[in-house]
Amino acid sequence: MKDLDLDKYITKYVYDVKGLNLWYGDNQALMDINMQVLENEITAIIGPSGCGKSTFIKTLNRMIENIPIVRTEGQILYNGRNIFSSKMKVEELRTRVGMVFQKPNPFPKSIFENVVYGPKIHGVKDKKILMEIAEHSLRGAALWDEVKDRLNDNAYGLSGGQQQRLCIARTMAVSPEVILMDEPTSALDPVATMRIEELMEDLKKEYTVIIVTHNMQQAARISDKTAFFLSGELIEFDKTNKIFANPSDKRTEDYITGRFG
Amino acid sequence: MENNQVREIIQDNIKKKNHFSDRIMPKVFLVMALISVFTTFGIVYTLIFDSIKFFSQVPIREVFSTNLSPLSRNPSFGFLPLLNGTFWTTLIAMLVAVPVGMAAAIYLSQFASPNLRKVLKPVLEVLAGIPTIVYGFFAYSFVTPLLMNLIPSLGAKNVLSPGIVMGIMIIPMVASLSEDAMNAVPTIMKEGAMGLGSTRLETTTKVVIPASISGIVSSIVLAVSRAIGETMIVTIASGSSKNFTFDITQSMQTMTAYIVEFTSGDAGSGTVGYYSLYAVGLILFVFTLGMNLIAQSIARKYREEY
Amino acid sequence: MNKKIKGPDRNKVNFNRNRINLRIGVNNFAKHLFSLSTVFAVVVLGVLLYQIVAGSIGWLDWQFLTSNLSIFPEKAGIKGAIIGTLYLMMIVIPVTLILGVTTAIYLEEYAKESRLQRFIKVNISNLASVPSVIFGLLGLTVFSRMLSLGSSILAGGLTMSLLVLPIVVVAAQEALRAVPGFLREASYGMGADKWTTIWRVVLPVSIPGILTGAILAISRAIGETAPLVVLGIPTLIMKIPTGIMDDFTVMPIQIYYWTLDTVLTPEYAYLASATIVVLLVTLFILNSVAIIIRNKFQKTF
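Residue numbers (the numbering used here), protein chains in the order written: chain A, 1 to 261; chain B, 1001 to 1306; chain C, 2001 to 2301.
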């Protein structure tokens, strides 16, 4: 394959993780992870603290590399291309795979500038187009009605839940295929959490979502597939209904029934 | 000894103990702490008091003139040549210190690996710790001859050489204060930008620097203040010419160098020349104090609440 | 098989590969450009040290360190300047430690969050940024003239102490602040009063930090020239000082005067270089001691 054109793919998996191992220095944090993600599904990743779920999701868009002592082995194929290949430009990968973080992190700029940050750095200059993108993204994040009259206000004036939806809008503005979410509602109150969960059904229609959550009920509510991680290993990965009703592995069952974690 | 006896001894002691030391010590400390306040007042007082003596003998119009000849038969005290000299040395110093200092700050905080930082930061700290007299010597005996090879018309005493060396001396200050400001930007904000596909440069220019701009500007203002107050480098290398000129290849005198020249010379106490030192000192003090207050207020007012 | 990527028309947002390559290229170029600044700093430092050391070769020897000043370069030595520096430190160290530590104790232990405390703090930080010449003028007026101390060691020492006072205050404050609350609580819990707690518990623990601050202050005071010149330190002193009311000279002053007169006597440049080497070595030793103190004795809680 001479070209890494990410618009064409030849496999049916959005993500195909093959034998992924990851070390922080000498400590191994992920052990032989194998997982396949289908498009337009919501995949939840659950597990107790320290099981490696955050590490795993940050590997999918190579954000984990910002930590200098990280070392990986194995392959992660995105649309059939190994993201660790030297030909892969990480900046391009991240326009295909967006990320929403645990704590809302808008830039100290206006709401509008936050949303169009992505398109702007990738070269979109036309103001009309930027405005269209902004409206589309803010609608998609169910935030448009609340902010349409104050797009030039500083993003920090929004509530926590609104800021997080702004971050979702910001991610959507670059038209990704996949949206990664690292415990996106853990810093929010229950009402804000509910609004974001309601958003998920709509997100599924256009995007593939992978969400890390420490809240099992959330995973059961919104996801199509669930992956259970424990101590750096992927213990079980299956349809959400099966995982929660009839798990195959005893460890999964113990976690779900609350015996630990 | 029984417990009761020990307890009695302690209770007795507590009753007897006069809390003399506890009452008087705070007052002692307060007096000591106030000495620093007295120092400031002392500085302000002596500067103002002797400046008044100066201004009572020298008309304001003369001070704003460009004729500075304090030791001539017909002395004239125009301060403009000194302000001019300070201006040019400071400007040249800033032209060196700000770009290089900012580049170093950006490189060290946004691009360099931790191992590289561990090696390079000490270099900057060493540069910051070198006494200014050593820089003065370096400017006069190395940089000036070097520049004279490049610019034949350069005077042995000029403003370019000390300006550049002063700039070098100030680089660590700009670099470390700006770096502190940039490091205060939360990592999660940088991650937000990178998660959208920004390069490190874009993250730096579009997110980090705008978020830390108040700290950066404040550090530059502080650097200017430092440059204005610097003495030995300019005294040695830029000479004492009181000509009012814009030619940086020639000698000029700064406010600080004027004060040094006069006190190591023959200004008898009580003469107008002697009081002129305090007048210049007052102007110097007002400038540097003003810059510092501006820097503090910039850092405070525009600080982003993260 | 081509898959159509859904989402707000991706073709409107034209993510072509060339643009990304360009941006990455610009990023790498900028990274190397910025790194040049640090290269510059290293080079300048190297050149500076080389020039000075090279100039001192042949002139820095035992005879140089133990001889008196002389107008003949071959015979000149900095014994007087070294002794003068030592005498000066004998004044600066106690004065600045006492003033600085007590001020810090007041600010940290006795006057928390009051207008007075903030006023004093603002004062200290403003003092820290006053140019050193102005301290010279202050010393000239108050110590030299008003107290008739002339250009003696005492006058120079007091002036220098005020100059470096903020350094000690800030370092001592940090050292005191680093003492954890539970140590103080343990002392109060046994019925001790405030001063006893400070004297017996807080201060002993903060000594390494205070010492580090003192060393920083000394380093600064050893290298400062301007205030002493303003005080009127004479050019050529033959007599070695024997008391604090005597005239004196220090290494930076010698460097200054020799540098000025290089035009007349070129050999003075070598003498200046040699003195600078002695000065820098002294500073290096001082700072190394400070680092050792910090690493070895600083307890982390």
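Don't take every hint at face value.
[Unchecked claim] Here are the simulated BS3-like pairs of lysine-lysine, each with C-alpha atoms no more than 30 Å apart in a straight line: (1) C:Lys2194 to C:Lys2031; (2) A:Lys87 to C:Lys2031; (3) A:Lys242 to A:Lys12; (4) A:Lys125 to A:Lys89; (5) A:Lys103 to B:Lys1027; (6) A:Lys87 to A:Lys128; (7) C:Lys2031 to B:Lys1118; (8) B:Lys1301 to C:Lys2194; (9) A:Lys109 to A:Lys128; (10) A:Lys125 to C:Lys2194; (11) A:Lys205 to A:Lys250; (12) A:Lys239 to A:Lys148; (13) A:Lys125 to B:Lys1206; (14) C:Lys2194 to A:Lys120; (15) A:Lys89 to C:Lys2031; (16) A:Lys109 to B:Lys1053; (17) A:Lys239 to A:Lys12; (18) B:Lys1206 to C:Lys2031; (19) A:Lys89 to A:Lys148; (20) A:Lys127 to A:Lys148.
Read the hints as simulated data drawn from the structure, not as lab findings.
Status of the hints after comparison with the structure:
{"no.": "1", "hint": "C:Lys2194 to C:Lys2031", "in the structure": "violated, 54 Å"}
{"no.": "2", "hint": "A:Lys87 to C:Lys2031", "in the structure": "holds, 20 Å"}
{"no.": "3", "hint": "A:Lys242 to A:Lys12", "in the structure": "holds, 22 Å"}
{"no.": "4", "hint": "A:Lys125 to A:Lys89", "in the structure": "holds, 23 Å"}
{"no.": "5", "hint": "A:Lys103 to B:Lys1027", "in the structure": "violated, 48 Å"}
{"no.": "6", "hint": "A:Lys87 to A:Lys128", "in the structure": "violated, 34 Å"}
{"no.": "7", "hint": "C:Lys2031 to B:Lys1118", "in the structure": "holds, 18 Å"}
{"no.": "8", "hint": "B:Lys1301 to C:Lys2194", "in the structure": "violated, 37 Å"}
{"no.": "9", "hint": "A:Lys109 to A:Lys128", "in the structure": "holds, 20 Å"}
{"no.": "10", "hint": "A:Lys125 to C:Lys2194", "in the structure": "violated, 65 Å"}
{"no.": "11", "hint": "A:Lys205 to A:Lys250", "in the structure": "violated, 34 Å"}
{"no.": "12", "hint": "A:Lys239 to A:Lys148", "in the structure": "violated, 39 Å"}
{"no.": "13", "hint": "A:Lys125 to B:Lys1206", "in the structure": "holds, 15 Å"}
{"no.": "14", "hint": "C:Lys2194 to A:Lys120", "in the structure": "violated, 60 Å"}
{"no.": "15", "hint": "A:Lys89 to C:Lys2031", "in the structure": "holds, 17 Å"}
{"no.": "16", "hint": "A:Lys109 to B:Lys1053", "in the structure": "violated, 54 Å"}
{"no.": "17", "hint": "A:Lys239 to A:Lys12", "in the structure": "holds, 17 Å"}
{"no.": "18", "hint": "B:Lys1206 to C:Lys2031", "in the structure": "holds, 16 Å"}
{"no.": "19", "hint": "A:Lys89 to A:Lys148", "in the structure": "violated, 35 Å"}
{"no.": "20", "hint": "A:Lys127 to A:Lys148", "in the structure": "holds, 16 Å"}
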